[in-house]
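Each chain sits in its own coordinate frame; assemble them with the hints.
Listed below are the residues making up each chain.
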Amino acid sequence: MSLLTVNGIRFNVQRFGRGDKTVVFVHGLVLDNLSSWYYTVANPVAKRAEVLLYDLRGHGLSEITKSGYRVEDSVADLVGILDALEIRRPVYLIGNSYGGLVSLAFARDYPERTAGLAFVEAHFAVEGWHDKMTAKLEFAGMKMNEAPVREWLEHKSQRNHERRFRKADYLMWETSLVDDLRAAPPVTEAELRALRVPVLALYGEHSDVLARGHELQRTVRDCELHVLADGTHSILMENTAWVKEKVLAWLERVGR
Amino acid sequence: MSAGLNTTEADPEVVAQVLEDVRAAIIEVIGEDYLLDFPIGMETTFDADLQLESVEFVALAERLAERYGEKVDFISWIADLELDALIHLRVGQLVDFIARCLS
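Note that the protein sequences, when read in sequence, are chains A and B. Residue 107 in numbering that gives the first Met the number 0 sits at position 108 of the first sequence, and the numbers go up by one each step. Residue 37 in numbering that gives the first Met the number 0 sits at position 38 of the second sequence, and the numbers go up by one each step.
No lab work stands behind these hints: they were computed from the structure.
PhoX-like mimics (lysine-lysine), calculated; alpha carbons at most 25 Å apart, straight line:
no., chain 1, residue 1, chain 2, residue 2
1, A, Lys46, B, Lys70
2, A, Lys20, B, Lys70
3, A, Lys46, A, Lys243
4, A, Lys166, A, Lys65
5, A, Lys243, A, Lys20
6, A, Lys46, A, Lys20
Here the structure is a predicted model, which is why all the values come from computation and not from measurement.
Excised from the complex, chain B in its bound form (with noise of 0.2 Å):
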């Protein structure tokens, strides 16, 4: 597993909130049309559950940059991370790479 999938403790109730908003995030790229009939948790992958295009998984990462700011620094957790766990990438590994930067 790559340095930057690492899974540090984080505060859980920033944890929450932040599944929260990538949760909401995730409704706005893809619409609400697409949603599937079980809940986005920690576990969801984006590519084989939420069949997220790689495009959008661009755009809801735009999103959350927007939203973060300077807080939270996208452009070097990415770079650091292999295609393939980029590609195989959970929602809870984007959550708590977001809640550890904002802890």
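If we strip away everything but chain A, and leave its shape as in the complex, we get (with noise of 0.2 Å):
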């Protein structure tokens, strides 16, 4: 593996493919890393474009620490590992999950360096997200929630479950990640309406973040929804092929 130390950490980071854009992929939490990125839409854009996969501080084969996990370390991380590979122009950023979030976090503070967005059901702060973000960290507590790919985890083979878990147990409990981010800020519409790159947003009908994709649709400029039928919030591994036409397709569109 590709180890990079930013910001004095230890970051698993992937760089392969080549073409005109560079491609950064950002994974969910707790329990998500850098391979469901990998293992579904990460390869075919490669094909035609550099793309740049890392595990999240603290998750996958990137180091844990006790802190740092507000939205803020993971923007100043993710600019820490493209300063530290050398990559100058705009990126385009795919999130999912609170990888959107990052992804935001990322364009808002760093414009400049941002050529597009792609959202696979992104959370962001609203008002009250605290509580939803909250809760469903706790389901993930509990050894339930949307696991990168769930089918690896239903053999529960020894060694995998106690590893995986082991470390998603200690990111919860004992770092300062939950308490990070109960206190994000909200994301303001203002902030929505300043985005100028062009925004793709994929959203399952039964998500229950759906409405995060309405409200970018309804105050983001460039913004192309999409919304999957009988999907929920695992659109990524429930329909793949899916998700990865979509992005795809964007990719063309804004390419030119």
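Written out as structure tokens, the structure is:
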């Protein structure tokens, strides 16, 4: 694995593919890691673009720390990774769930380094989000939530199960993660309106955060919203082909 | 079965060498401590047998991509695999794919 030290922390980073775009994938919380993108959309995108995958702090094979899980920390980590790799051109960010919030915050803070945003079931903070996110996280803490590749977990192989959940439990209960997320300020409508890059929003019809997709469509100047019939929050795994098709078509469109 | 998993004949010597390379890479990724008490062969599965985490499989693929360079197009191969096929991959399928590229 490629370990890159940024902000004093070792990050698991994967960079592959080439093309006239750089596409950065950001995964979701706790049980998720870069493999959910690698197994689904990242390789098809890498046939025509440079792809960067990384494990968020405390996730996958990146180092786990006691603190530093605020959204701004995640943005600083991403900026540090891009700088360390000398990726200077504006990037397309594709975020799943919490990864969408990190992507959005990056685009807000570094508009000159952002070429476009694609959200898959993105959570972003609105009034009352803390309760929802916390409930979701507590659910994850009970080892039942959105696994990145659920089939892997269904085997519940001893080694796999043990290591993964030991790390997830530590992340949930021994670090500042939950408190940091609770303290995240809501994203304002003005911030969404200020976005000047093309946005793709993919949500499931039965998702508990579908309202975020409609809000993006209502406020962002160039937003393409697609809602998957019968989809839930786990559309990336439920209908990988649909997500892949939408992302590839969008990247093709916005690159012109 | 996905088109990406077909098993046209590759040079047996190349297959044997690639299997050795893949074994070595697996050990590097998961560490000797976790190695199971059975040999890693062509029929070994990454998920049920080796109990490899998905993020470790990514690290394994990266090591192999670095080792073989441009000769082996992992991106296209993985891009064309269905999620289910990728999850339940056998060592032999990976070895055959690499050996075909090298043969």
